[in-house]
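These protein sequence lines map, in sequence, to chains A and B. Under this note's numbering, think of the first position of the first sequence as 49, with each following residue one higher. Under this note's numbering, think of the first position of the second sequence as 49, with each following residue one higher.
Since the hints were made in silico from the structure, they are not lab data. Predicted, not measured: the structure shown is a model, and the values here were computed from it. Errors might be hidden in some of the hints.
One-sided excerpt, in silico: chain A residues whose CB lies under 10 Å from chain B [unchecked claim]:
#	residue
1	Ile260
2	Thr359
3	Arg363
4	Val371
5	Gln408
Ideal Cβ positions, reconstructed from N, Cα and C, are used throughout, including at glycine.
2 protein chains.
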Amino acid sequence: MRSAVVVGTGLIGTSVALALNARGVTVYLRDTDPAAARIAESLGAGTTTAPTAAVDLAVMAVPPALIGRVLADVQTAGLAHHYTDVASVKVGPREDAVALDCDTAHYIAGHPMAGGERNGPLAARADMFEGRAWILTPTSDTDRETLNMALELVAMCGATPVVMGATEHDRAVGLVSHTPHIVAALVAMRFEQAEERAVSLAGPGIKDLSRIAGGDPELWVDILGANAVVVADILEDIGVNLEDVVTGLRAMAATDEAKRDEGRRGIGTLLRRGKAGRERIAGKHGSGPGSYRTLGVLIGDQPGQLARLFTDASRSGVNIEDVHLEHATDQLAGLVQLSVAQTSVPVLEEALRAQGWHTQ
Amino acid sequence: MRSAVVVGTGLIGTSVALALNARGVTVYLRDTDPAAARIAESLGAGTTTAPTAAVDLAVMAVPPALIGRVLADVQTAGLAHHYTDVASVKVGPREDAVALDCDTAHYIAGHPMAGGERNGPLAARADMFEGRAWILTPTSDTDRETLNMALELVAMCGATPVVMGATEHDRAVGLVSHTPHIVAALVAMRFEQAEERAVSLAGPGIKDLSRIAGGDPELWVDILGANAVVVADILEDIGVNLEDVVTGLRAMAATDEAKRDEGRRGIGTLLRRGKAGRERIAGKHGSGPGSYRTLGVLIGDQPGQLARLFTDASRSGVNIEDVHLEHATDQLAGLVQLSVAQTSVPVLEEALRAQGWHTQ
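Extracted from the complex, chain A is given alone in its bound form:
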């Protein structure tokens, strides 16, 4: 790949442009908002001048509802030899492209599993996709060169390509991303009018659960609208379980002991199923290279504790995959949970204990 056009210089588009530019690709930037394109240019993502000939790849980084229309336009203009997109849903845009009679052989739909709560080119970074999954949804009519061009794009961004069907993709992201977003909002909205004293009791649990509800509402309306039926179906299933939970909880408050026991059993089953699902999400039961375990380390409330811990941990050579702090609101005393590869736990534990850390 020698040249590319990025259509839409928001967070994802600009990050793609930065990554390609860093690999020596000539990147042309386009946005309906010229200011956004100029910001991306000023960040070193490419040029806002127009290409003089067809580029190798056009990457459409526009909302899902616009993909079909934009694809038809840029294909008519002969902008590129190959086309892809980075939209977070895949079925609807493909249907639009087919309806608009696009050249689907030279268009492969993609979706990098990355993003953030901040939007716009200023939040973009070249390493946004490093180590992330990047889903590609080739069809039987996809040109092999187009597939290879998309694979090159994914490789240049440091991501891992994952091939899926469009329907399978939309169901999966509905489950891991869109539905959680709605659920986080449903819980978080209770706090809009809650008493200050109740809000002040919010601890790490509700803070982590509600974090994604902080995303941009306008952006998320677009994302959810493009996968509306899938998300509605999943939410309806959750609604059925929710009704069972309410029934179970009310049974637990009954005077009749048999009824209370029935309620307990129902709630117990729900919680066990939730725990089993959580363990899969956390990768605790995996056996592949991605499976990890958590090591707890106690730290005091002196300012330098985290620094000392990470210095000691990095000397062990073990790669820390995730960090979670369980601690007070105003102080840092508490438990640091370090997630590391299953096989690295003994190494890290020994290294930290040798430095006087208390692990658990």
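The hints should help you fit chain B onto chain A, whose structure is shown.
Then chain B, alone, in the frame of chain A:
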């Protein structure tokens, strides 16, 4: 306070015992499981021998459903001058105590806002309550000496006392703790049977949202059962909003444009309300000493990056309240979100930039 009995040497009871013991209080340990009491003793939490005279304070750290019965028993035996508990709900235990004709003047119900996903005495630590809120629910007949004894307990544990009514407490913890637990389980359980490929797409959002679903199901059945009606009421409200969301999503998939717009408006309103609630939970709009802001710092994927970052941050003298990593599953390249007091942001930002860090 010179002497105390801790009844129930689980995670919370043993942590209380460790804190009191560290302050020179003679602590007597009791548990229906003698092995649990001996483990707590071996950790330095106190002695498993019986007191020879009434102690100053008895702390009941048993499940909510047992508080009334245990209080009646220990008061009949004259175990202590004053009594408190650490149960996570307050209305039911108080009703039980009244029904069993307990001496309610010398019993003040309490609830430290701390805990963890691990249970049992081995996970206990003396600093578990440091900086946390510890709710006390005195009533009009509470003896002043009993209130003072409980305040001394809270101070010895390093926590901050918060006085609330029992009903207000149960509603608040239903909102910040019990309901989120159920909701996390409802989402996580979808992953029990999900395809491996869908599970492999799980990113930081769903991981954070589902974390609390990893808690012990048996323990949580007890907690939820003791606050069942409050949680059922909140979940029913959520269920109503959930139905509206499903209606809104289906409208967004309609062919009729007016209907689609109506759906968009409904979903947009939900997401904006969720974001407003989230901002209160995260303390972003607070003005008190507890309000904080997040500073993003870009890090590379070399092993020593986190250590270097925390060393540089600690040299700035700024207290880091929370840390969140947004990064790849297998590598640590990405964005570290540091939460610090609003007033400390410029100090930290300047210190980190001077060391060559990219902040945003």
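Each hint, compared with the structure:
1. Ile260: holds (5 Å)
2. Thr359: Check passed: Cβ of A/Thr359 comes within 4 Å of chain B, closer than 10 Å.
3. Arg363: With Cβ-Cβ at 8 Å, under 10 Å, it holds.
4. Val371: Given a least distance of 6 Å, the restraint on A/Val371 holds.
5. Gln408: Holds: closest Cβ of chain B sits about 7 Å from A/Gln408, inside 10 Å.
Hint violations for this structure: none, all hints satisfied.
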